[in-house]
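Colleague: Chains as they are written, first to last, in the numbering used here: chain A, 1 to 601; chain B, 1 to 601.
Rather than coming from a laboratory, the hints here were simulated on the basis of the structure. Keep in mind that a hint or two might mislead.
Just so you know, same-sequence chains aren't split out, so a pair can sit in one copy or run between any two.
Said to hold, decoys possible - Taking lysine-lysine pairs in the DSSO-like style, the calculated list, with each CA pair at most 30 Å apart, reads:
1. Lys337 <-> Lys79
2. Lys224 <-> Lys333
3. Lys288 <-> Lys47
4. Lys333 <-> Lys272
5. Lys224 <-> Lys59
6. Lys478 <-> Lys497
7. Lys584 <-> Lys497
8. Lys272 <-> Lys497
9. Lys224 <-> Lys272
Keep in mind that this is a model prediction, so the values were computed, not measured.
Number of protein chains: 2
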Amino acid sequence: MSEELVSRKELAFQLYELLDTESLCDKERFSEHNKDTFDAVMDTAEKIAREKFAPHNRKADLNEPTFDGEKVHMIPEVKEAFDTYAESGLIAGRFDFDDGGMQLPETIMMACSSYFTASNPSSTAYSFLTVAAANVIKNFAEQSIKDKFMPRMLTGEFTGTMALTEPHAGSSLADITTNAKPADDGTYRIKGSKMFISAGDHELSDNIVHLVLAKIQGAPAGVKGISLFVVPKFRLDENGEPAQRNDVSLAGLIHKMGYRGTTSTVLSFGEKDDCHGYLVGEAHQGLKYMFLMMNEARIGVGFGAAMLGYSGYRYSLGYAKERTQGRVAPNNKPTDKPATIIQHGDVKRMLLAQKSYVEGAMSLCFYAARLVDELHTAQTPEAKQRTAELLDLLTPVVKAWPSEFGPKANDLAIQILGGSGYTREYPVEQCWRDNRLNPIHEGTNGIQALDLMTRKLWQANGAGLVQLQKVMGEDFAKAQHPVSKQLIAELQPYLLKLQKLIPVIGAELAGENQNALLANASCFLTIFGQVVMSWMWIRQAITSEEALNDNVVSQDDEAFYRGKLQAAKYFLDWELPLTDRDFKVLSSMSDSCSAMQENWF
Amino acid sequence: MSEELVSRKELAFQLYELLDTESLCDKERFSEHNKDTFDAVMDTAEKIAREKFAPHNRKADLNEPTFDGEKVHMIPEVKEAFDTYAESGLIAGRFDFDDGGMQLPETIMMACSSYFTASNPSSTAYSFLTVAAANVIKNFAEQSIKDKFMPRMLTGEFTGTMALTEPHAGSSLADITTNAKPADDGTYRIKGSKMFISAGDHELSDNIVHLVLAKIQGAPAGVKGISLFVVPKFRLDENGEPAQRNDVSLAGLIHKMGYRGTTSTVLSFGEKDDCHGYLVGEAHQGLKYMFLMMNEARIGVGFGAAMLGYSGYRYSLGYAKERTQGRVAPNNKPTDKPATIIQHGDVKRMLLAQKSYVEGAMSLCFYAARLVDELHTAQTPEAKQRTAELLDLLTPVVKAWPSEFGPKANDLAIQILGGSGYTREYPVEQCWRDNRLNPIHEGTNGIQALDLMTRKLWQANGAGLVQLQKVMGEDFAKAQHPVSKQLIAELQPYLLKLQKLIPVIGAELAGENQNALLANASCFLTIFGQVVMSWMWIRQAITSEEALNDNVVSQDDEAFYRGKLQAAKYFLDWELPLTDRDFKVLSSMSDSCSAMQENWF
């Protein structure tokens, strides 16, 4: 319905008005770039997404990949899209010039990725996973491994996967049983089974580079015994060309409810005891390597959820402006003309809720990407440290909040379309199905809640929290106008309650009621998430109100900024107060959940 | 995973312990029944559901009906299931002995239907829609029409549909354009197009009896000009046998995201100007007839949503008891054995939330069914009137609450199963897809909110509300034990706030801020729904606590009742307080939504 896949005005607001992304060009790393090069790469991404990705989004959903026992088959549009993406150089977008990359900021790469995840997340996954895997290799593999694999991954000749999960070990990586036996040549022989491996097999590239977590024989129990290996589908000959088939095989495809264009695989490693793997970095450090990357992957999951939410929002908005149904007072006689449904209060509510979820989620993810850029360009170790602590603290929220509220937005989009929303003739139900993966993968939202409440909050003696308070305070100090000030005043009591709550949680975590508290962890993630999101909306409100007051704005711009202010009001008015329940549950140390017994269900 | 499709213990609790369904046998209408005949018909329903419906639930989802331009094709299991259901006499279950029915209470028929909607809602729809259509004909059609169609519908030789919606007129039936022209023989010629007509075409029965809303030429504008017609797929010959094809044709099948086994159709009436229709009752009274039935249909939608929720709950419960992952303190060393996931607090929370949603929703729907039975057996016009007023008031909640919280339960079931929940190899994602229809059809939940806040609340000078307060008070007076008393005390402040809020709303509805209020109608439905549901849980708590205190209960029974108490505690502790937000939005007459302008989005 809407002409743009993603509103360029919205992206420009997020990037340039809120985050001053242009100022990154003052940093040495990005000094060869300017706003024009940023915009040009976004233009390229938009064009490719529109021409090669968006058109087959539904077709890929209806025609999921099949496996004939030898090869995986999929609709040809996927390869065409992948090839075009690879040829554009976007896979290497964030990598160093020295590595053949474009050395672009994370913030800009995220803006580029918005077009792809909004229009066709499943075809996009092949290249995004390759970027993530190449990034691990770049950061942790020794030079010879890096030279063999990374350059070809950045051109898309090779693709990559992350092979962590096993049939019996999902959230609990401590229990993986895939093992690695040292061979005489310094390589390893890998044996085991991995499950839910996205892009684990296909014919899109000349080789597939699996990053596999496995335990070297004799390693310590638990996560401290996990190592990381590069395991290619084809071993390389002396010229670095894919040659002999490695002993990795596709045991089967998994049939998901969404994201159907991306193969989800069960992989068997070493069925013939001849699966060659190459250790990445040091033995037993695999989880650490993977988790350094996982944090960026989690930001990516959050952003994907935001953009799928955005896609449904925009579609339902267009629909609501065109579809007529019923009448609105005072023109509600049977002989009056029917009204467009956007005029009905409840439809307006559902659109405004979506807007607050998806633009709020985008704002949070861009903020996180900006922190990644600061991490990569920090002038002092102290500045880098502060940024890392804040990013660490925010990461569970960046993953979980959009992946909870993105599908909620999609659910509202379905509701706005009514019976049509329920049909596959309209795109919104697919948005929901695709998005439903996000609260599950890369650490379920339940895991994120535990991570936040029991680890991230206390890391480095709570330095992340101190930093968060500092940056929030700096933002709030910028508020000059009444709406922003009012919103800050509405948030204030929640900030105070949160400040009081945190030490109570700290004490209880060490105490006897630990299990009651852990059962209520989702409440803490909710509170923390809504406070962070309120901050994100206040940031948007401050900038918008400033623009409305200071500048001569066009009519279009005025409408845009007024919409931002109204969405911020909505969020503080309707969404933040829901956390009163969570404060109550946590501060009363409710045992409603933890006291429940298995045989009482 | 679980052995029973629906726990018989749960059904017995709802029917016999909470609602004293057995006492209905003292009424003349049900005097030929007793608990044994009730149980016997439930046994029959369970057996048919298990043997003929449950096995092809997924197959029907994967192989939706197709249309070759002549006929609709579907997997043969659907017809076998339909025929078995029809042969059992269940279609006629609630009808009079005189009509060839079993004259069973609605409450018992609902218990029977639980097995079908929990195990295969889409194959079930064909017979359920036939019951609803036959019921309309029974109540409003003249004898000759009734004689022609109803008996054969009750045997399943003919099936029925409700043809209300048109491509341009969904929620707004005032705008239908299907028209009816009187013919010389006293019948009518129907012309128009209907959309989203479930079971609108298929080969399961010898004839399909469409109940069609249309406007007779010259009728008043709006809903006051709508009449109701019987339009068969085949006209009947003088012996009442289906003979000549009527001019109704299948324009196409709609492809839904769930409920795939049920055909959803676009039907063309009178393309050749020869579609014969028979007026039901009086002209221009069609919507009134349809709505009398619609209220029962809405209870059915609520119950279907509850049972799909229940189905996912039970599956995820079984999964959580078997699947191991991670460890729980104090046994959380890497060398300790992994724990079943039900031991993790956050999984317990997600199971308890589901239990509170689905058993609460079941309880509400059975309560409504019991009111229908009281309506049919009331000894005095006054008693009947009181019951009708209460049922009218509760109906929007009975439709909307389960259809909001049933899918929420399914969403939690997906989350508990993690990556597996996201795959079509497990049943929970289908539960969600099937259930997602329920907040949309038979009046969207937005429509229900408006219906409650602007109409039902004030009907008969608020007599429904008076009756609700009376029956709630009577229930609360029965509480003898501490947990129930505590729960009532927790609800009390919400009841007081609601009592204060209602007159404020009444005043505002007539005032200038009407549009702001209408945009916040969902908040009122939420408050009213959570209060009603708290009452439902307190009813269950009172009965359970009584049983725990008064009787010598078996270990199994004790666990059952303790589970009920805990779910009630959870609901009042975690779910009811969320309405604080809704009270705040409504009492402040927030205009966050209504002030939003179309061009600000």
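Colleague: One pair to classify: Lys224 and Lys333, alpha carbons no more than 30 Å apart. Within, between, both, or neither?
Modeller: Result: close only across copies, 12 Å inter versus 72 Å intra.
Colleague: What label fits Lys224 with Lys272 when the C-alpha limit is 30 Å: within, between, both, or neither?
Modeller: Within one copy only: 28 Å inside a chain, 77 Å across chains, cut-off 30 Å.
Colleague: Reference check for the pair Lys478 and Lys497, CA-CA at most 30 Å: within, between, both, or neither?
Modeller: within (23 Å within a copy, 39 Å between copies)
Colleague: Is it within a copy, between copies, both, or neither that the alpha carbon of Lys337 lies no farther than 30 Å from that of Lys79?
Modeller: For Lys337 and Lys79, the Cα distance exceeds 30 Å both inside one copy (49 Å) and across copies (45 Å).
Colleague: Within a copy, between copies, both or neither: where do Lys272 and Lys497 come within 30 Å Cα-Cα?
Modeller: neither (59 Å within a copy, 71 Å between copies)
Colleague: How would you classify Lys224 and Lys59 at a CA-CA limit of 30 Å: within, between, both, or neither?
Modeller: Answer is neither: 44 Å inside a copy and 45 Å across each miss the 30 Å cutoff.
Colleague: At most 30 Å between alpha carbons: which applies to Lys584 and Lys497, within, between, both or neither?
Modeller: Both. Shortest intra-copy (10 Å) and inter-copy (19 Å) distances satisfy the 30 Å Cα cut-off.
Colleague: Taking 30 Å as the upper bound on the Cα-Cα distance, should Lys333 and Lys272 be classified as within, between, both, or neither?
Modeller: neither (77 Å within a copy, 34 Å between copies)
Colleague: Could you place Lys288 and Lys47 in one of the four classes (within, between, both, neither) given a Cα distance threshold of 30 Å?
Modeller: neither (37 Å within a copy, 54 Å between copies)
In this structure, the earlier hints numbered 1, 3, 4, 5, 8 are contradicted, and the remaining ones agree with it.
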